[in-house]
Amino acid sequence: MDALTSLSRLVEGLIFASVEPVSENALRQFVVTQGADENILGPVLAEIRLRYEDHAVELVAVAKGWQFRTRSEIAPALTRIVEKPRRLSRSAMETLAIIAYHQPCTRADIEGIRGVSLSQTVLDTLIEDGLIMPKGRKEVPGRPILWGTSAHFLSSFGLSDLGALPRRDELLLDPDAAAQAGRIVTQQGIK
Amino acid sequence: MDALTSLSRLVEGLIFASVEPVSENALRQFVVTQGADENILGPVLAEIRLRYEDHAVELVAVAKGWQFRTRSEIAPALTRIVEKPRRLSRSAMETLAIIAYHQPCTRADIEGIRGVSLSQTVLDTLIEDGLIMPKGRKEVPGRPILWGTSAHFLSSFGLSDLGALPRRDELLLDPDAAAQAGRIVTQQGIK
Amino acid sequence: MGEGGSVFLAGETQETVPHLSLTGFEGPLDLLLDLARAQKVDLAQISILQLVEQYLAFVEGARQIRLELAADWLVMAAWLTWLKSRLLLPAENEADGEAEEAAGLLQGRLLELEAIRGLSLWLDNRPRLGEHVFARGCGEDMTQIDRSGLRVDMVGLITAYLAMTRRKGRKRFYAPPRPRYWTVTEAVSALQRLLNASEIAGWQKLTSLLPAQESTAPRARAAALASALVAGLEMAKSGAVELKQDGVFAEIMLRAPQKEEE
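Protein chains in written order, with our numbering: chain V, 1 to 191; chain W, 1 to 191; chain G, 1 to 262.
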């Protein structure tokens with residue numbers, strides 16, 4: 001093995017084992033500690049690139065230095081897509097519940113029922129997820145938008161229609177449901 | 001590029017991308033998702049090994065999986081740069097050897113074989129390095145903890161599984177091992 | 001570990017044992033294995049008797065220097081002395097079998113330790129990860145997380161609604177105490193009561209209309225006076241009362257309307 005090749009193998013190992021991209025400066029220093037001229041670094045890197053020509057990985061220069069990366073043409077085949085469905089935040093879920101039960105209702109209605117102001121982010125989330133949609137405007141000064149639930153809301157919650165939503169008095173008056181609701185509330189309330 | 005080569009490039013990328021060994025199971029699954037027979041994994045791995053023949057890194061079987069590692073020949077040049085883990089003392093190494101051979105075994109078992117009591121330091125070192133782990137308790141009075149080696153032990157020493165440890169008769173009969181053992185003893189014992 | 005670690009015998013004090021050191025021996029078994037190796041034969045064929053004698057001589061030598069030799073060295077010495085005596089007995093003796101068994105046991109332990117030491121060296125000679133060989137330093141995460149999906153259920157919706165209702169039920173809003181001033185309506189009825197009272201005649205001061213408790217706080221008094229004035233003006237408009245003021249900032253006077261016919 002000639003000197004260039006044996007040096008290029010050391011540099012290859014160094015870049016491979018490094019936690020971060022190895023800066024050109026560090027590589028130059030390394031080459032010097034191995035007793036070689038620092039100008040040899042160019043040919044050394046070229047030789048490594050050549051060695052990895054038909055490989056799944058390649059030596060690339062990134063912002064901070066040199067690094068091995070998976071070739072872009074094979075990366076898609078290796079990428080595993082993990083689905084992690086989101087949960088709605090508490091305020092979004094409460095807002096959605098109010099709209100479901102009190103629709104059509106305005107932003108002011110929602111704020112009145114929740115007793116806190118409704119942030120635009122919450123409303124935007126619900127709109128983006130297609131759970132709510134505008135249902136005209138209320139004929140009062142300012143003509144605020146009236147919100148209601150969408151068809152996607154029904155399918156998301158597995159409801160055939162809005163009538164399938166348990167009625168409020170059912171939730172609150174039925175002693176069993178009330179007890180259960182109470183239990184659920186206790187579990188979640190203190191978090 | 002034939003089918004085997006293109007598949008081997010994907011597997012190469014998959015193993016190369018990972019910091020940890022990729023389990024044989026995961027590789028087999030991956031091969032199947034690529035529409036190939038799982039039995040092709042052997043030839044695929046062989047092809048990858050061949051492809052890395054003149055490289056600073058090699059494909060090795062460790063802890064029931066596969067991983068790229070730098071070759072030990074280039075260690076001297078690299079160790080100066082990368083931070084080293086501590087070396088195990090002779091007592092720690094012998095204790096580890098006993099646990100490897102006799103697992104699961106108790107502290108008393110270890111002391112019986114070495115003929116000296118097991119120091120807390122040795123036990124702590126092995127646990128801290130993640131080389132040994134508790135494997136339940138022995139159902140005898142006092143219910144002492146049973147110790148065994150961890151997956152990290154296999155990975156750390158580059159072993160595919162416990163079966164890769166030499167057999168005891170191999171160690172006793174192998175003249176090289178005996179000679180090496182002899183050399184160490186001469187340094188420490190009487191001349 | 002290494003209880004006998006610091007026992008040295010210098011050459012001058014003990015001519016028969018030129019240089020003796022227990023340093024590095026981790027217990028009697030360790031030393032025995034070393035002595036057995038020194039016989040330079042297969043461990044399966046070592047002479048136990050020779051081994052015993054070497055050990056005893058070694059420990060005896062060490063004891064002449066350091067009397068406080070660790071107990072396990074002496075326990076082993078005692079046991080080996082017993083073994084030696086049994087091994088030296090004529091072969092036809094009954095105890096023969098027992099000694100052979102004990103010797104076999106010792107040999108087994110030495111073989112075991114030898115194997116362990118072999119494995120220990122084998123492990124030590126292997127390239128260790130992170131010391132001699134290195135894995136990929138910076139891995140690439142090939143997993144992509146798709147968070148576009150939404151996980152919702154009825155229980156969550158109902159729970160949220162109930163939780164909110166209950167929370168709101170419990171919630172108390174801070175409402176600043178609203179100051180209660182003497183209102184115009186009250187002033188009107190007070191004025192009407194005053195006019196209906198027959199004994200009242202002639203000009204009255206408007207201020208006499210104010211309730212006694214309103215006269216203390218200046219703000220309440222001003223508010224009450226304003227109410228009284230508005231009430232007076234309202235009633236003057238419908239002719240129920242007559243008002244006059246003799247000058248700027250002078251007292252406002254009122255009286256019941258005088259009937260022209262009288």
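Keep in mind the hints are simulated off the structure, nothing from the lab.
Just so you know, even glycine gets a beta-carbon here, dropped at the ideal spot from N, CA and C.
Some clues are possibly wrong.
Computed beta-carbon distance windows for the label pairs [as the list claims (entries may be wrong)]:
{"#": "1", "chain 1": "W", "residue 1": "Glu58", "chain 2": "G", "residue 2": "Gln144", "range": "26 to 32 Å"}
{"#": "2", "chain 1": "G", "residue 1": "Leu229", "chain 2": "V", "residue 2": "Pro144", "range": "26 to 32 Å"}
{"#": "3", "chain 1": "V", "residue 1": "Ala3", "chain 2": "W", "residue 2": "Ser117", "range": "50 to 56 Å"}
{"#": "4", "chain 1": "V", "residue 1": "Gln34", "chain 2": "G", "residue 2": "Glu60", "range": "53 to 59 Å"}
(request) State, for the Cβ atoms of leucine 229 of chain G and proline 144 of chain V, whether the hinted interval 26 to 32 Å holds or is violated. (result) 41 Å, violated
(request) Take the C-beta atom of glutamate 58 of chain W and the C-beta atom of glutamine 144 of chain G, compute their distance, and say whether it sits inside 26 to 32 Å. (result) 29 Å, holds
(message) Quick check: does the Cβ-Cβ distance between glutamine 34 of chain V and glutamate 60 of chain G fall within 53 to 59 Å?
(response) The hinted range 53 to 59 Å holds for glutamine 34 of chain V and glutamate 60 of chain G, with Cβ atoms some 57 Å apart.
(message) I want to verify a distance hint. Is the separation of the beta carbons of alanine 3 of chain V and serine 117 of chain W within 50 to 56 Å?
(response) 54 Å, holds
Comparing the model with each numbered hint stated earlier shows that hint 2 is the single one that does not hold.
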